[in-house]
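Using the sequences plus the hints, can you model the full thing?
Chains as they are written, first to last, in the numbering used here: chain E, 8 to 233; chain A, 8 to 233.
In case anyone wonders, no lab produced these hints; they're calculated from the structure.
Wrong hints could be hidden among the right ones.
In this list, chains with the same sequence are indistinguishable; a pair is considered to hold if it fits within one copy or across any two.
Listed next, the in silico EDC-like pairs over lysine to aspartate or glutamate satisfying Cα-Cα at most 20 Å (straight line) [what the hints assert, rightly or not]: (1) 32 with 88; (2) 192 with 68; (3) 82 with 27; (4) 64 with 95; (5) 154 with 141; (6) 82 with 31; (7) 64 with 176; (8) 107 with 223.
Number of protein chains: 2
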Amino acid sequence: MRHKPKAVVLDVIETCFAIDPLDEKLSELGLPAGSLKVWFPRVLRDAFALQVTGTYKGFAEIATGALASLLAENKIEPNAEKMEGVIESFAALPIHPDVKEGIQLLRAAGIRIAALTNGSATTTRKMFAGAGLEDAIEKFISIEEVKQWKPAAAVYLHAAKQLDLAPADLALVAAHDWDIDGAVKAGLTTAYIARRQPRGSSAMSPPDVTAHTLPEAARALLALPG
Amino acid sequence: MRHKPKAVVLDVIETCFAIDPLDEKLSELGLPAGSLKVWFPRVLRDAFALQVTGTYKGFAEIATGALASLLAENKIEPNAEKMEGVIESFAALPIHPDVKEGIQLLRAAGIRIAALTNGSATTTRKMFAGAGLEDAIEKFISIEEVKQWKPAAAVYLHAAKQLDLAPADLALVAAHDWDIDGAVKAGLTTAYIARRQPRGSSAMSPPDVTAHTLPEAARALLALPG
Numbered sequence: 008m009r010h011k012p013k014a015v016v017l018d019v020i021e022t023c024f025a026i027d028p029l030d031e032k033l034s035e036l037g038l039p040a041g042s043l044k045v046w047f048p049r050v051l052r053d054a055f056a057l058q059v060t061g062t063y064k065g066f067a068e069i070a071t072g073a074l075a076s077l078l079a080e081n082k083i084e085p086n087a088e089k090m091e092g093v094i095e096s097f098a099a100l101p102i103h104p105d106v107k108e109g110i111q112l113l114r115a116a117g118i119r120i121a122a123l124t125n126g127s128a129t130t131t132r133k134m135f136a137g138a139g140l141e142d143a144i145e146k147f148i149s150i151e152e153v154k155q156w157k158p159a160a161a162v163y164l165h166a167a168k169q170l171d172l173a174p175a176d177l178a179l180v181a182a183h184d185w186d187i188d189g190a191v192k193a194g195l196t197t198a199y200i201a202r203r204q205p206r207g208s209s210a211m212s213p214p215d216v217t218a219h220t221l222p223e224a225a226r227a228l229l230a231l232p233g
Numbered sequence: 008m009r010h011k012p013k014a015v016v017l018d019v020i021e022t023c024f025a026i027d028p029l030d031e032k033l034s035e036l037g038l039p040a041g042s043l044k045v046w047f048p049r050v051l052r053d054a055f056a057l058q059v060t061g062t063y064k065g066f067a068e069i070a071t072g073a074l075a076s077l078l079a080e081n082k083i084e085p086n087a088e089k090m091e092g093v094i095e096s097f098a099a100l101p102i103h104p105d106v107k108e109g110i111q112l113l114r115a116a117g118i119r120i121a122a123l124t125n126g127s128a129t130t131t132r133k134m135f136a137g138a139g140l141e142d143a144i145e146k147f148i149s150i151e152e153v154k155q156w157k158p159a160a161a162v163y164l165h166a167a168k169q170l171d172l173a174p175a176d177l178a179l180v181a182a183h184d185w186d187i188d189g190a191v192k193a194g195l196t197t198a199y200i201a202r203r204q205p206r207g208s209s210a211m212s213p214p215d216v217t218a219h220t221l222p223e224a225a226r227a228l229l230a231l232p233g
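Okay, structure coming up:
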């Protein structure tokens, strides 16, 4: 039986920050509209494939490699500077409008909050700072510290250790079913935010809580037995 | 230094059989045109994510889960029968027109040929039988036998074992950079066929041979020093 967590780790991209503006950035490279929906799953596919073979590479390297490959597929000559611009624009993604209230709800209830990202800690800090929420986040935890990608158990266990908590006292909030699946298997409590995807894949472990916004997820986590 | 392989394992989907007709199958479910490019990387992303957490699920289960999720995202009620129809239509994908000649070239040079698929062995046999090439394939090797997905090393090593060969005497031919990467790391010789993707991601190990068709890949593999 899951209990109320002592801390929450928030996934960052898509969960807290809307990724949609990146589609325009890709269009500026000459890619057809909607290319974000093609590129982003490929970035994750490649990252997870490398995790399967035991090779760690960071977000920027994998994302750039997949982007160059997609550009070539569309007969567009890769341009290093423009590709770098796309990666850098992650730092300027807009926060989902409900995130601030969700963070306030958790903090008011005495729940500690950290970010847990497959991206870089530096970019993540910039993103929350840009949204005026830097001070609400106790730690910006990145996979860079363990050189493994979520959904590897090592990442969630590292987050729990960084917060000095047992995995069962920590909850992951994420908008990705594969992230929820990994956290469930690592022993965390989980809350799924159905942003773009109303439901996760049935091949993945179900979350403890399903919500549409961070406040809704926060309320459900706070309602778990102490 | 790589040497001429004693046997070749052919990746199946996209490498030997064109996947494009599936886009129409997805449109018949009500999904927008181009959805194949969104769905298929997600299927692989999910499979690799599950591989990362040490959970084996077969192709049909993962593909169906990702499809139901994509349908929900498009506000289309999932229909079990229609989704099954999509999965079944993999068995009827058309063979790339160059595959037969490539297989003949390899066979004429005394090279043994097997198929190595992340799909099911039964479906793969049906696909090659439909193309009149069943007898040219010595073994239909599926990840089902090791309950791990490519690019896990165990799969390529299993294939080498099934063919009673050292990994260095076996070559993988594939149209996916992550498949090449896994095979390189497992010690196989590799040939990349640039079908949809002119170049693989720079985050992945480069192949020994790059070609546009199977005959071209075959000739390059046969030209390696004995």
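These are the hints, each one checked on the structure:
Proximity of residue 32 and residue 88 under a CA criterion of 20 Å is satisfied intra-copy only: 13 Å inside one chain copy versus 39 Å between copies. Taking the shortest alpha-carbon separations for residue 192 and residue 68, only the inter-copy value of 19 Å comes in at or below 20 Å, while the best intra-copy value is 28 Å. Taking the shortest Cα distances, residue 82 and residue 27 sit within 20 Å of each other only across copies (19 Å), while inside one copy they are farther apart (24 Å). With identical chains, the CA atoms of residue 64 and residue 95 are at most 20 Å apart within one copy only, with a shortest distance of 17 Å there and 36 Å across copies.
With identical chains, the CA atoms of residue 154 and residue 141 are never at most 20 Å apart, being 24 Å at best within one copy and 44 Å at best between copies. For a Cα distance limit of 20 Å, the shortest separation of residue 82 from residue 31 inside one copy, 18 Å, qualifies, whereas the shortest one across copies, 24 Å, does not. For the homomeric pair residue 64 and residue 176, neither the shortest alpha-carbon distance inside one copy (30 Å) nor that between copies (29 Å) is at most 20 Å. Taking identical chains as interchangeable, the C-alpha atoms of residue 107 and residue 223 lie at most 20 Å apart only when both belong to the same chain, with a minimum of 12 Å there against 57 Å between chains.
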